[in-house]
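Here is what each chain is made of, one letter per residue.
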Amino acid sequence: MYDGKLIIPGLLIFLVLMISPILFNGLDAGPVPKPEKPVGVTKCVKSAQYMRTSHMKVLDDWRDETLRDGDRTPVEIDGVKYEKSLMNGCLKCHTDKKKFCDECHVYTSVKPYCWDCHYVPKETF
Amino acid sequence: MLEKALTGSNRYWGWIAVLLAFMAAGALSYVQQYNYGLGLTGMSRDVSWGVYIAQFTFLVGVAASGVMVVLPYYLHNYKTFGKITILGEFLAVAAVSMCLMFILADLGQPMRALNVLLHPTPNSILFWDMIVLNVYLFLNIFVGWVVLTAEKKEVAPPKWIKPFIYISIPWAVSIHTVTAFLYAGLPGRHFWLTAILAPRFLASAFAGGPALLILLCLIIKRVTKFDAGQEAIQKLVTIVTYAALINVFFVLLEFFTAYYSNIPGHMHTLDYLFFGLHGKGQLVPWMRVSTIFGIIAIVMFLVPATRKREDTLAIACVLLFISLWIDKGIGLVIGGFVPSPLEEITAYHPSFQEIMITLGVWATGFFILTILYKVALSVKEEKMIS
Amino acid sequence: MDIKRRQFLKIAGLSTIAGIGAPAAFNLLLKGETSPVSYASSGGSAEASHDDAPAGVRLGMVIDQKVFDANIGLAQKCVTACHTVHNVPDFGKDNKKDAIKWIFEVPFEKAFTNKSHYHRNAHLHDSDFLVLCNHCDNPPCVRACPTKATFKRKDGIVAMDYHRCIGCRFCMAACPYGMRSFNWRDPRPFIDQTKHNKEFPTRMRGVVEKCNFCVDRLARGLQPACVEATGNTGAMVFGDLNDSHSKIRKVLDENFTIQRKPALGTQPSLFYII
Numbered sequence: 001m002y003d004g005k006l007i008i009p010g011l012l013i014f015l016v017l018m019i020s021p022i023l024f025n026g027l028d029a030g031p032v033p034k035p036e037k038p039v040g041v042t043k044c045v046k047s048a049q050y051m052r053t054s055h056m057k058v059l060d061d062w063r064d065e066t067l068r069d070g071d072r073t074p075v076e077i078d079g080v081k082y083e084k085s086l087m088n089g090c091l092k093c094h095t096d097k098k099k100f101c102d103e104c105h106v107y108t109s110v111k112p113y114c115w116d117c118h119y120v121p122k123e124t125f
Numbered sequence: 001m002l003e004k005a006l007t008g009s010n011r012y013w014g015w016i017a018v019l020l021a022f023m024a025a026g027a028l029s030y031v032q033q034y035n036y037g038l039g040l041t042g043m044s045r046d047v048s049w050g051v052y053i054a055q056f057t058f059l060v061g062v063a064a065s066g067v068m069v070v071l072p073y074y075l076h077n078y079k080t081f082g083k084i085t086i087l088g089e090f091l092a093v094a095a096v097s098m099c100l101m102f103i104l105a106d107l108g109q110p111m112r113a114l115n116v117l118l119h120p121t122p123n124s125i126l127f128w129d130m131i132v133l134n135v136y137l138f139l140n141i142f143v144g145w146v147v148l149t150a151e152k153k154e155v156a157p158p159k160w161i162k163p164f165i166y167i168s169i170p171w172a173v174s175i176h177t178v179t180a181f182l183y184a185g186l187p188g189r190h191f192w193l194t195a196i197l198a199p200r201f202l203a204s205a206f207a208g209g210p211a212l213l214i215l216l217c218l219i220i221k222r223v224t225k226f227d228a229g230q231e232a233i234q235k236l237v238t239i240v241t242y243a244a245l246i247n248v249f250f251v252l253l254e255f256f257t258a259y260y261s262n263i264p265g266h267m268h269t270l271d272y273l274f275f276g277l278h279g280k281g282q283l284v285p286w287m288r289v290s291t292i293f294g295i296i297a298i299v300m301f302l303v304p305a306t307r308k309r310e311d312t313l314a315i316a317c318v319l320l321f322i323s324l325w326i327d328k329g330i331g332l333v334i335g336g337f338v339p340s341p342l343e344e345i346t347a348y349h350p351s352f353q354e355i356m357i358t359l360g361v362w363a364t365g366f367f368i369l370t371i372l373y374k375v376a377l378s379v380k381e382e383k384m385i386s
Numbered sequence: 001m002d003i004k005r006r007q008f009l010k011i012a013g014l015s016t017i018a019g020i021g022a023p024a025a026f027n028l029l030l031k032g033e034t035s036p037v038s039y040a041s042s043g044g045s046a047e048a049s050h051d052d053a054p055a056g057v058r059l060g061m062v063i064d065q066k067v068f069d070a071n072i073g074l075a076q077k078c079v080t081a082c083h084t085v086h087n088v089p090d091f092g093k094d095n096k097k098d099a100i101k102w103i104f105e106v107p108f109e110k111a112f113t114n115k116s117h118y119h120r121n122a123h124l125h126d127s128d129f130l131v132l133c134n135h136c137d138n139p140p141c142v143r144a145c146p147t148k149a150t151f152k153r154k155d156g157i158v159a160m161d162y163h164r165c166i167g168c169r170f171c172m173a174a175c176p177y178g179m180r181s182f183n184w185r186d187p188r189p190f191i192d193q194t195k196h197n198k199e200f201p202t203r204m205r206g207v208v209e210k211c212n213f214c215v216d217r218l219a220r221g222l223q224p225a226c227v228e229a230t231g232n233t234g235a236m237v238f239g240d241l242n243d244s245h246s247k248i249r250k251v252l253d254e255n256f257t258i259q260r261k262p263a264l265g266t267q268p269s270l271f272y273i274i
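Chains as they are written, first to last, in my numbering: chain A, 1 to 125; chain B, 1 to 386; chain C, 1 to 274.
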């Protein structure tokens, strides 16, 4: 290999830099987030597993349906009607954004821009 | 070939350092703008486009003007331009890059810029502008690089490059036409709502762009061993002169239609730009400088004594470039917003950060131009030595 | 998110191909054969008539200036109602630069720039007119938007999707009525926290906003906030322009109305009784 003296240390430095966050945290992923579920409610619009992975898709679809198609008919699950809305739907049950949304979002370092416009009706923005 | 940009004289590195300093200052200002929002600029509810979009519009013209050396060489086999076609193409690359940067700098939500691709909307002229500009950028990089590589290897350019060259010629016209359509199709903005906007854009582009190219050739002659040659430069002067005269003609047509028809909406912006409207005329001094510089430059181009001498020619080119830059880079875009749809007159003053970002983008453009010209000229110098 | 990488690449690829086929596609567009939002050819006479209005619901509004003139302060009540309900920030009277307005008052000569102002009726000198988005049938802003962030709904409302807006402000240049505002900075610090509507979002900086004809209130069977604010004065009448039995049609049949800049062919859905 040409310039091996430069390339191999370079690669090593790169590798260390890349895994430095893991090393920095002592190979520990930290406490697993425990989003607080609303009390007294057992059902959501979809299964917990689906919501965990695809709640953003639900929100995207709802947005396009209500805003673009003007279809605001509530989602009905087992006789319970849910408004297709983040503020006036989801957050009606999940009243605590900090203990529900932020719990995972902070852990995974996801910063959705929902909250630039939307807010928890019970809180001020 | 890019490695040729990594070796150079102290003067070369000094110039690069100056550009990098401006780029850094621009980037810092952009971070501020990104964090605060576009309110950091001087733009307002009434004058909702400012220096960024104005520079964008002007630079689309500079980019399109590359065709003024490409066309005579490839379509009319005008050999004299063979030496400088690459300079025209690389100038186009730098100019289009600046255009794209100015658009990005102007977006309220730059992170969503790709929504234009994600939700393609053919009824929006901006969608087409995005397409024509990006394709033009690609065409010029591609053609320039392939031809230059062939030149380096001292072989004829491959035959398959020809279609790309031929496409690039009408494409150059298309980028400035589509850019004019951004303005010329808007109801209720009388100053822009004119069929002659696209031809006028092209005329001013084919004057301003080659004027810049002449200046670049004169600078290159001083700092490198490359000389575009008296004949090529004088031919460019001819192109500039005709285009500048046609541009003046088109502007006068605007004046005629507005003032002879006497329709207030058609006169308002011209009044505001050149004479002052209801006592307000923020841009009047600028437009008058533009007019005077333009006239002096055209006279200097017409008089053989001043156009043949390099120093006076350079002055004429600088004057014309400033004249056209004011006309399109300030007057056209900002003037179009005065009066507003509610017939209010709002002044616009770019903020410090806005000016720094603008300078930063220009510096980035010149950085790209310097690198590309360095590569091209190193190849040409090598050939001259051997 | 909803668009997978593969889909994205498909669209990106298709738009590149679209670029190569630009001239042909452009021709199609000019003939009005492509998207439903292409109005380039819907033509009509320059002085817009509403005879060729599409079938279905078309929401519109009549503003009766005589009632507003008789009820001083009523117009301001409409403005306050709208701006409170929609959490429109207030940057103060002196800050024209950042100003965001969905509905506001302007003198006659600003609202109706193409009408004669020579020896005009005395009351036109002192009365202020409410202006808001005209919800044009042929909206230039929708034509200009490169992302369909602003679009026309089936019921004629010209709506905004703030999630999609890239903030290019092409729509602001395109609107001949000056009814669009841009969020030059974060609007939240300028919204009255004690009065804001807890069921309506705010906007973020970097997007364009405007009147939405209270599309969310309509969905709940309510009148637009400004109309509600006029109470039973009849100062504003809101309804379906295509329904020959609607109250708004009755008002239009019985009164002489004018529109803002009808010569531009945008076909506004707002009418004014002078």
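If you're looking for bench data, these hints aren't it; they were derived computationally from the structure. Be aware that one or more of the hints could be misleading.
As the list claims (entries may be wrong) - To list a few chain C residues with every Cβ distance to chain A over 10 Å, as calculated: (1) Ala70; (2) Gly73; (3) Thr84; (4) Glu109; (5) Leu124; (6) Ala159; (7) Asp161; (8) Tyr162; (9) His163; (10) Met204; (11) Val215; (12) Gln223; (13) Ile248; (14) Lys250.
Said to hold, decoys possible - Distance windows between CB atoms, simulated: (15) B/Ile355 - A/Lys111: 25 to 35 Å; (16) A/Glu65 - B/Gly276: 29 to 39 Å; (17) A/Ser109 - B/Leu253: 56 to 66 Å; (18) C/His245 - A/Glu76: 48 to 58 Å; (19) A/Pro9 - B/Gly8: 27 to 37 Å; (20) A/Ser47 - B/Asn35: 32 to 42 Å; (21) B/Phe164 - C/Lys96: 48 to 58 Å.
Claimed, not checked - Covered stretches of chain A (chain C as the covering partner; in silico rule of three or more C-beta atoms under 8 Å from a C-beta of chain C): (22) 68-78; (23) 109-119.
Keep in mind it's a predicted model, so treat the numbers as computed, not measured. Ideal Cβ placement from N, Cα and C applies to all residues, glycine included.
A quick look at each hint next to the structure:
Look at C/Ala70: its CB is around 36 Å from the nearest CB on chain A, clear of 10 Å, so calling it non-interface holds up. For C/Gly73, the requirement that its beta carbon stay farther than 10 Å from each beta carbon of chain A is met, with the minimum near 30 Å. Remark: the non-interface label on C/Thr84 is consistent with the geometry, its nearest Cβ contact in chain A lying 15 Å away (cut-off 10 Å). Distance to chain A confirms C/Glu109 as a non-interface residue, since its nearest Cβ pair spans about 36 Å, more than 10 Å.
Chain A leaves C/Leu124 outside its interface by the beta-carbon criterion, the shortest separation being 38 Å against a cut-off of 10 Å. Distance check on C/Ala159: its Cβ comes as close as 7 Å (rounded) to a Cβ of chain A, failing to clear the 10 Å threshold; non-interface status is violated. Not every Cβ of chain A is farther than 10 Å from the Cβ of C/Asp161; the closest lies at roughly 6 Å, contradicting the non-interface assignment. Distance check on C/Tyr162: its Cβ comes as close as 6 Å (rounded) to a Cβ of chain A, failing to clear the 10 Å threshold; non-interface status is violated.
Residue-level check failed: C/His163 sits 6 Å from the nearest beta carbon of chain A, not beyond 10 Å. Distance check for C/Met204 against chain A: the nearest CB is about 4 Å away, which does not clear 10 Å, and the non-interface claim fails. Residue placement check: C/Val215 does not keep its beta carbon more than 10 Å from all beta carbons of chain A (closest about 7 Å). At the 10 Å boundary, the C-beta of C/Gln223 stays outside the reach of chain A, the nearest C-beta of that chain being 17 Å off.
No beta-carbon of chain A is positioned within 10 Å of the beta-carbon of C/Ile248; the least distance is around 20 Å. With a closest Cβ-Cβ approach of about 26 Å to chain A, C/Lys250 is found to remain outside the 10 Å limit, as its non-interface label requires. Distance hint check for B/Ile355 and A/Lys111: the Cβ-Cβ separation is about 31 Å, which falls inside the suggested range of 25 to 35 Å. A beta carbon spacing of about 53 Å between A/Glu65 and B/Gly276 contradicts the range 29 to 39 Å that was offered as a hint.
For the pair A/Ser109 and B/Leu253, the supplied restraint of 56 to 66 Å holds, since their beta-carbon distance comes to about 59 Å. Evaluation of the 48 to 58 Å hint for C/His245 and A/Glu76 yields a failure: the beta carbon distance comes to about 33 Å. At about 30 Å, the CB distance of A/Pro9 to B/Gly8 agrees with the hint of 27 to 37 Å. Taking the beta carbon of each, A/Ser47 and B/Asn35 are about 40 Å apart, inside 32 to 42 Å as hinted.
Between B/Phe164 and C/Lys96 the beta carbon distance is about 50 Å. The supplied range of 48 to 58 Å therefore holds. Judged by the Cβ-Cβ criterion of 8 Å, the stretch 68-78 of chain A is covered by chain C as claimed, because 3 of its residues qualify and three suffice. With 5 residues having a beta carbon nearer than 8 Å to a beta carbon of chain C, the stretch 109-119 of chain A meets the requirement of three or more and the stated coverage holds.
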